[in-house]
Amino acid sequence: MSRSVNFNTSPSANATAVKAQVDVDALDQSLIALLEAYLDEQIATSVVDEEANMTLLKLYSIYSTPVDHQLPRAIQILAKGLTVLPSNFFLGASYLVSEPLRKNKDIAELLQAGSLLQTCLFPAFWQLPLASAKKIPGFDAAVREYIVSAIARSHDVVAAAFVAEQLHLGSKEVEALVTGTKTDLLSLVHAFTASLISRVAHGWTVQGASFVVAANADNQMRPKKFKEDIAFTDLLDTINVLSR
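In full-length UniProt numbering, the protein residues as written are 1 to 244.
Hints listed in this document are in silico derivations from the structure and should not be mistaken for laboratory results. Since we're looking at a predicted model, the values are computed, not measured. Keep in mind that the hints are not guaranteed to be accurate.
No farther apart than 25 angstroms at their CA atoms in a straight line, the calculated lysine-lysine pairs in the DSS-like style are these [to be verified]:
id, residue 1, residue 2
1, K134, K103
2, K58, K105
3, K58, K19
Produce the entire structure from the sequences given, and follow the hints as far as they go.
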């Protein structure tokens, strides 16, 4: 998953330039070029500044920026939005995508991808080409981390074959991801860097053909709490009947 940052606190030169212009005039057209440069930096460094990217899409609308100019940036922003799910950033960004942009094949695929991921239809997601999104460094790894977290919220024990299908990975790659196993690292280079494997390991354990998911606040049984709403007058009537 991409790390979230904010230009107000980020130490990068591009973020500082954005903040300086926002402080002067947050709606000035010159901010577009600064935000685009900052977006390039986010892609290169696997971070996401949700506020900055939403501002860029808004400015495109305000200044009627040509669709051909908006298109590659809208693709990048939507793809980055998928890397920070379950954040609402993708949903918010999708609302700012104009109708002409929605007719583009890559944009349409990204919007469909967001719908599939947020409704947990993960195998269907992997059937989408998403050629433009896959150019974003760490895109697949970030999506897989979201999928693992979704499974972890709903399962305490889960079949390894099911997890492999949801992640669209082989059994060894799945085990390395969810347990944090570092063995056979070289065979996994095509899917993950060493740092990504370390970062997204979820601490599951192998139990036969299944994984035992690390306990969390969502996948544990909770005691049922019963509360009866009985009016005091009804209770008095019952006491009177029983006391006769």
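Structure-based check of all given hints:
For the proposed pair K134 and K103, the alpha carbon gap of about 20 angstroms is at most 25 angstroms, so the pair holds. In summary, the hint linking K58 to K105 is supported, as the alpha carbons are separated by about 22 angstroms, within the 25 angstroms threshold. Of the supplied pair hints, the one linking K58 and K19 holds, its CA atoms being roughly 16 angstroms apart against a limit of 25 angstroms.
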